[in-house]
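J.: Listed here are the chains, written in short residue letters.
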Amino acid sequence: MTARNDAKGDWQGYLIEALKEDLNSREAEIDSIRNSLRYRVGGWVLEAWPPSHRTVVIMVRMLVAFIRLKKRKNIVTGKASRSADGAISGGQNVEFVVYGHCVPEVYAGERAICSDDPAALVVLLDSDMPAGTLVLRLADQAISRRVERLRLSGWRIVWWPEGVETGEESPQVQYLSAHADECRAGSGS
Amino acid sequence: MKILYAYRYGIVGGVSTQLLLRQKALKSAGHQAFLFFSQDNGLGQVLADRNRIFFGSEMSFQKLVRQEQFDAVVVIDSPELLAAASGPIFQRNPVYLDVHTTTDTGLSYLHDLDATRLAGVMVPTNYSAALVGQRLGDSVDIQVVPNILNTEVFHPDVEDIPAGALTLPEFVWVGKLDNHKNWRLALVYAGMLNDLLGGIRLHVVGGYTAPPKRAEEFFELASRLGISNSVNWFDRVENTTLAGLYKRCASSGGAMLVTSRDESFGMAAAESLLCGCSLIANDLPVFREVFPSMPLVKLVDIWDPEQVANAVQQLASLDEYEALVGQVYKQLGSRYGAGAFVESFLSMLGEHRSQ
Chain A
422 MTARNDAKGD WQGYLIEALK EDLNSREAEI DSIRNSLRYR VGGWVLEAWP PSHRTVVIMV
482 RMLVAFIRLK KRKNIVTGKA SRSADGAISG GQNVEFVVYG HCVPEVYAGE RAICSDDPAA
542 LVVLLDSDMP AGTLVLRLAD QAISRRVERL RLSGWRIVWW PEGVETGEES PQVQYLSAHA
602 DECRAGSGS
Chain B
290 MKILYAYRYG IVGGVSTQLL LRQKALKSAG HQAFLFFSQD NGLGQVLADR NRIFFGSEMS
350 FQKLVRQEQF DAVVVIDSPE LLAAASGPIF QRNPVYLDVH TTTDTGLSYL HDLDATRLAG
410 VMVPTNYSAA LVGQRLGDSV DIQVVPNILN TEVFHPDVED IPAGALTLPE FVWVGKLDNH
470 KNWRLALVYA GMLNDLLGGI RLHVVGGYTA PPKRAEEFFE LASRLGISNS VNWFDRVENT
530 TLAGLYKRCA SSGGAMLVTS RDESFGMAAA ESLLCGCSLI ANDLPVFREV FPSMPLVKLV
590 DIWDPEQVAN AVQQLASLDE YEALVGQVYK QLGSRYGAGA FVESFLSMLG EHRSQ
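In order, the protein sequence lines correspond to chains A and B.
Quick note, the first sequence lines up with residues 422 to 610 if you use our numbering.
Quick note, the second sequence lines up with residues 290 to 644 if you use our numbering.
What the hints contain is simulated information worked out from the structure, not anything from laboratory work.
Everything numeric in this text was worked out from a predicted model, so none of it was measured.
Among the clues, some could well be false.
Residues on chain B that point at chain A, a partial pick, calculated with CB under 10 Å [what the hints assert, rightly or not]:
hint : residue
1    : Ala373
2    : Thr390
3    : Asp393
4    : Lys465
5    : Asp467
6    : Asn468
7    : Glu509
8    : Thr530
Straight line, CA to CA, 27 Å or less: simulated DSSO-like cross-link-like pairs of lysine-lysine [claimed, not checked]:
hint : chain 1 : residue 1 : chain 2 : residue 2
9    : B       : Lys465    : A       : Lys441
10   : A       : Lys491    : B       : Lys465
11   : B       : Lys587    : B       : Lys316
12   : B       : Lys587    : A       : Lys441
Beta carbons: idealized from backbone N, C-alpha and C, even for Gly.
All chains, full assembly: derive it from the sequences and hints.
T.: Spelled out as structure tokens, the structure:
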């Protein structure tokens, strides 16, 4: 793993960055409240008094907003969790799960499956399949975030990138390299 | 009695955990408690027993309320369910509001609420009562019905997780990867403590539903801070595993870090203390109420690194640590046990019935 030397000693800078991010998010929340229908309607009500021709304009505006809000509430948003379309089957007999475009020869066999679809793999890995070896040939945040949980469940993690990394490792690759049980190189064929 | 709790979000989090504990406590006391969630955001997947637990739309909620005759319906921070909660006109249920959020945005629905139509309003802490009272007015009677801590899973004798030998102090941070929980600050402190102590490990627990961009930001910040190999991200863990993680951090001389802007109770913080893991937390009003003057707890200005560093060093050199752990377990278990909740909750419902 390539250490980031610029991190050393500049903790003040990182604290300020975190503080700025915190302030920005608080401002964004205030803006969100100001832009909310309730806040705007409150402003309209103030404009509508004392009664004048402007009151009629405001009443129409409020009616339109009310109708839009009702329409939005009636939209079915659907379940938050996605169904496992294209889910990989046969998880119970699998020893090697490969995230990449092909299974390295050393793992080839009936008990190895391969997919380059992180969403499908996530469904498989989150299921109750027995722990095996997860060979990561690509890096995707959906899988990388699960690595330590999988290790705790008994999975062995192998980081074996398909391509040859040129230049500095990406943050995710740094994380995977640091947390894999084994790091390998080469095409695997 | 037959009670229905209703909440919008079926996520694995503080409120759903609390509801499951309350359901169990009420059942043990001879009452039936049903739980309804408008959305299933992953909770359904982890439930071993879905008896009397429902997920569905507002229409299915209306149907449930109509079909079962409840002695009370308690709606948690989900105003869209309040109207349906009262049931058909010929068979009205007393409807209670239970407020668990403490954010300005989360509490904003109270401004539009006609609390006079409710049988009562309950909150888990005096801190929450003050926030809710500011919004509902003095005329509304707000009662504190305390949360329940799971002392069966979280206790000092739990085994730590099998994750290799303890060679460094290990710290833990639990929460969603959102601005409210201030996860970035936790990573910054991991970097600082890594420098200060010559190596640490930070276990970050949570973020199962974090969007992809947030996950990438996490890896990117860990990389910039030079702690990619010091941070373990567990996007989701079972409670028993979490207890083991707390115990591991306690055994290593580490602590739990809480960097949140605000908390409504601090469930994870309390659970870590039950397992003997010290706490370094932002000095929030609710923590002064829930964890009064405990040596295992250091409340600091979370933006002051010197205070955080001093807290780490003080906690690492505590005398009579085992005795302190036992005391904390007893105190928290008593104040926030199932018995305390059931007594308070039924008393509130009983008061309404006698009115």
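J.: Could you run down the list of hints and mark each one as holding or not?
T.: Results of checking the hints against the structure:
1. Ala373: violated, 13 Å
2. Thr390: Not OK, violated: Thr390/B not within 10 Å of chain A, min 13 Å.
3. Asp393: holds, 7 Å
4. Lys465: violated, 13 Å
5. Asp467: Status holds, d = 9 Å.
6. Asn468: holds, 4 Å
7. Glu509: Hint holds; Glu509/B Cβ to chain A Cβ min 4 Å, cut 10 Å.
8. Thr530: Status holds, d = 7 Å.
9. Lys465/B <-> Lys441/A: OK: Lys465/B and Lys441/A at ~19 Å, within 27 Å.
10. Lys491/A <-> Lys465/B: Status violated; Cα separation ~31 Å.
11. Lys587/B <-> Lys316/B: violated, 36 Å
12. Lys587/B <-> Lys441/A: holds, 25 Å
In terms of the numbered hints stated before, the structure departs from hints 1, 2, 4, 10, 11, listed from lowest to highest.
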